[in-house]
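Visitor: As a plain string of letters, each chain reads:
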Amino acid sequence: MTPSAPATPLIEWHALLQVLYTSVALGLGVVVLFSMGVYSLSLFRRPESTVAMRGLSMTGMGIISLVIAATAVWGFLVIINK
Amino acid sequence: MHNTFVLVFVVLIAVGFDFTNGFHDTANAVAPTVATGALKPRTAVILSSTLNLVGAFLSLKVAATVASGIVSQGDIIMPVVIGGLIGAIAWNVTTWYFGIPSSSSHALIGGIVGAMIAHAGSSAVLWSGIVGKVLAPSIAAPIFALVIAAIATSLARRLTNKTDNGTKSTGMRIGQIGSTSLLSIAHGTNDAQKTMGVVTLALIANGTLAQNSATPKWVVLTCGLAIAAGTMIGGWRIIRTMGQGFTKLSPTQGFTAQITSSVVILSSSHFGMPLSTTYVATGSILGAGVGTRKRTVRWRLAGRVATAWLITLPAAGVCGALAYYGQRAFGVSFGVVVMTALLICYCTFIYLRSRKDKINAHNVNDRWGEHSEAFEKPLVKVEEPVKV
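Chains as they are written, first to last, in this note's numbering: chain A, 1 to 82; chain B, 1001 to 1388.
Rather than coming from a laboratory, the hints here were simulated on the basis of the structure. Just so it is clear, CB atoms sit at the ideal spot from N, CA and C, and this is done for glycine as well. It cannot be assumed that every hint is accurate.
[Said to hold, decoys possible] Away from chain B, derived, C-beta distances all over 10 Å, residues of chain A: (1) P9; (2) G37; (3) E48; (4) S49; (5) V51; (6) L56; (7) M58; (8) T59; (9) G62; (10) I79.
[Unchecked claim] Some chain A residues near chain B, calculated using beta-carbon distances under 10 Å: (11) H14; (12) T22; (13) A25; (14) V38; (15) T50; (16) I68; (17) N81.
Excised from the complex, chain A in its bound form (with noise of 0.2 Å):
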C-alpha cells in the first residue's frame, strides 16, 4: 500500500498569507522610506539648515534612493522572470 499524495488545498493559504505579509512589509517601508526621503529633501531646502543638517538629508536621501531603487530592481526582476 502506497501512501496517498497529500490533497491540493482548495484555497492556498499559505500563498496568499506569504502576499500579504511580502505586500504589508513592502509597501509600507517603501512608503514610509519615501516619506523619509522626501522629508529630507524638504530639510535641505530650508533657508535656515546648516550646514551640517544638509549633509545629513543629502546622506539620508542617498541611502534612501538607493534602497528604492533596489526594491525596484527587484519588481522588475520579478517581472520579466515570470
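Chain A is already provided as a structure; the job is to place chain B on it using the hints.
Guide: Chain B only, in chain A's frame:
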C-alpha cells in the same frame, strides 16, 4: 483540425480582445497619476502604452493554455475559445461604457467557462479551480490592497506633515511616475501573454505549429502592439471612475495607492498567486481614501463596482455560451463570421452611445457628477463623498 479560415478569425478576435484589455486596464496604472496631475492625461497614457509594449517582449514564459486549471483542457475546441473571447470582449465593452473597472482576465475565464458548459456540460468545468484560482483571490485582492494602502497613506501623511507642500507634491508625483511605469510593464507582460497563449493554442490546434512550439515572433509583436494600441486609446471612462469617482486623490494618496498596487501585484506574481490587477488597483485607491483624516470615500459607488465584479463571471459566461450556440447554429465557419459581425455591431452601438457623453483627455478630471456618470443616474446629480 485544419481550417485556416476559422484560424484567421480566432487570431483577429484574440487581437480584438487584447485591444479591449489594453483600454479597459489603462486605468489600473494611470488613474491616480492622471487624477493628481503627476502627468498630463495624454502623456500618462502614452507612457503606459509604450511600457505595455516593452512588457510584452520582456518575458515569454507563457504556457500555451487557456484557463488552465479552470476547465478540462481536453475538451477545449476552437468554438469554445472563440465563444470565450467574444463573451469577454462583449463584457469588457459593456463595463467600459459604464466606467466600471472589472477584470479582463475574469471576463475571459467567464466567457470560456460559459462556452465550455454549453459545449460539454458543467462537468467539464473544474469548480475547485474557480473557487481557488478566481473567487478566493478576487475577495482577497481588494481587501489586502485596501488595508495596506490605508495604513500607508496614514503613515505617509504623518511623516510628511512638516514638509512644505511644494516639495511634498513634487516628490510624491515623481514617485507616482515610477510606480506607474512599473505597473505598466507588469501589465504588458501579464496580459499580452494571455492573448499570445490563446493564439499559440489556436495555431497548435490547427496544425500550423507543432506541439510545444515556442510562441512565434509575429504573435508576440501583434499582441504587444494590440495591447499598446488599446492602452493608447485610453479607457477614459474607467480612468475617471478610478481617479475621480471613489475619492479625491492628493499626490500623497496617489503615490501610496500606486505603490500598494505595485507591491501587491509583484508579490502575488513572485509567490505564484496571481491577483487581479484591477481589483488590487481599486482596493488601493479606496484604501488611500480611507487613510486620510477625513476618510472620504464614495462607498455607494464602490458597492456598485463590487456588484459588477460579482456578476462578471456569470455575465461573460452567458455571452460566451450564446456565442458558442450561435456558431453551432450556423456551422463553425459561417457561425464565426455571424458571431463576429454581431460583436462588431454591438461594439459599434456601445461606442456610438458613449459619444453622447464623451469622456476624453480634456474632461477626464472634471468634478465627479458633472457628466452623466452612467451608473450614477438613479442618484442625485452630485454625490458628495461621505464621511465614515
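Visitor: Decide, hint by hint, whether the structure agrees.
Guide: Hint-by-hint comparison with the structure:
The non-interface label for A/P9 is inconsistent with chain B: the shortest C-beta to C-beta separation is roughly 8 Å, within 10 Å. Non-interface status of A/G37 relative to chain B is broken: a Cβ of that chain comes within 10 Å, the nearest being about 7 Å off. No beta-carbon of chain B comes within 10 Å of the beta-carbon of A/E48; the shortest separation is about 12 Å. The claim that A/S49 lies off the interface holds: its Cβ sits roughly 12 Å from the closest Cβ of chain B, which is beyond the 10 Å cut-off.
Every beta carbon of chain B lies more than 10 Å from that of A/V51, the smallest distance being close to 19 Å; the non-interface claim holds. Look at A/L56: its CB is around 16 Å from the nearest CB on chain B, clear of 10 Å, so calling it non-interface holds up. No Cβ of chain B comes within 10 Å of the Cβ of A/M58; the nearest lies about 14 Å off, and the non-interface call holds. At roughly 17 Å, the least C-beta separation between A/T59 and chain B is larger than 10 Å, which holds for a residue marked as non-interface.
Against chain B, the non-interface label of A/G62 holds: every CB pair exceeds 10 Å, the least being about 15 Å. Residue placement check: A/I79 does not keep its beta carbon more than 10 Å from all beta carbons of chain B (closest about 5 Å). At a threshold of 10 Å, the smallest CB-CB gap from A/H14 to chain B is about 9 Å, leaving the interface hint in force. For A/T22, the shortest C-beta to C-beta distance to chain B is roughly 4 Å, which falls under 10 Å, so the interface hint holds.
Hint status for A/A25 relative to chain B: holds, with the closest Cβ pair at about 9 Å, below 10 Å. Look at A/V38: its Cβ gets to within about 4 Å of chain B, closer than 10 Å, so that hint holds up. Because the beta carbon of A/T50 sits about 17 Å from the nearest beta carbon in chain B, more than 10 Å, this interface hint is broken. About 8 Å separates the beta-carbon of A/I68 from the nearest beta-carbon of chain B, less than 10 Å, and the hint is met.
Because the beta carbon of A/N81 sits about 7 Å from the nearest beta carbon in chain B, less than 10 Å, this interface hint is met.
Of the hints listed earlier, those the structure fails to meet are numbers 1, 2, 10 and 15, in rising order.
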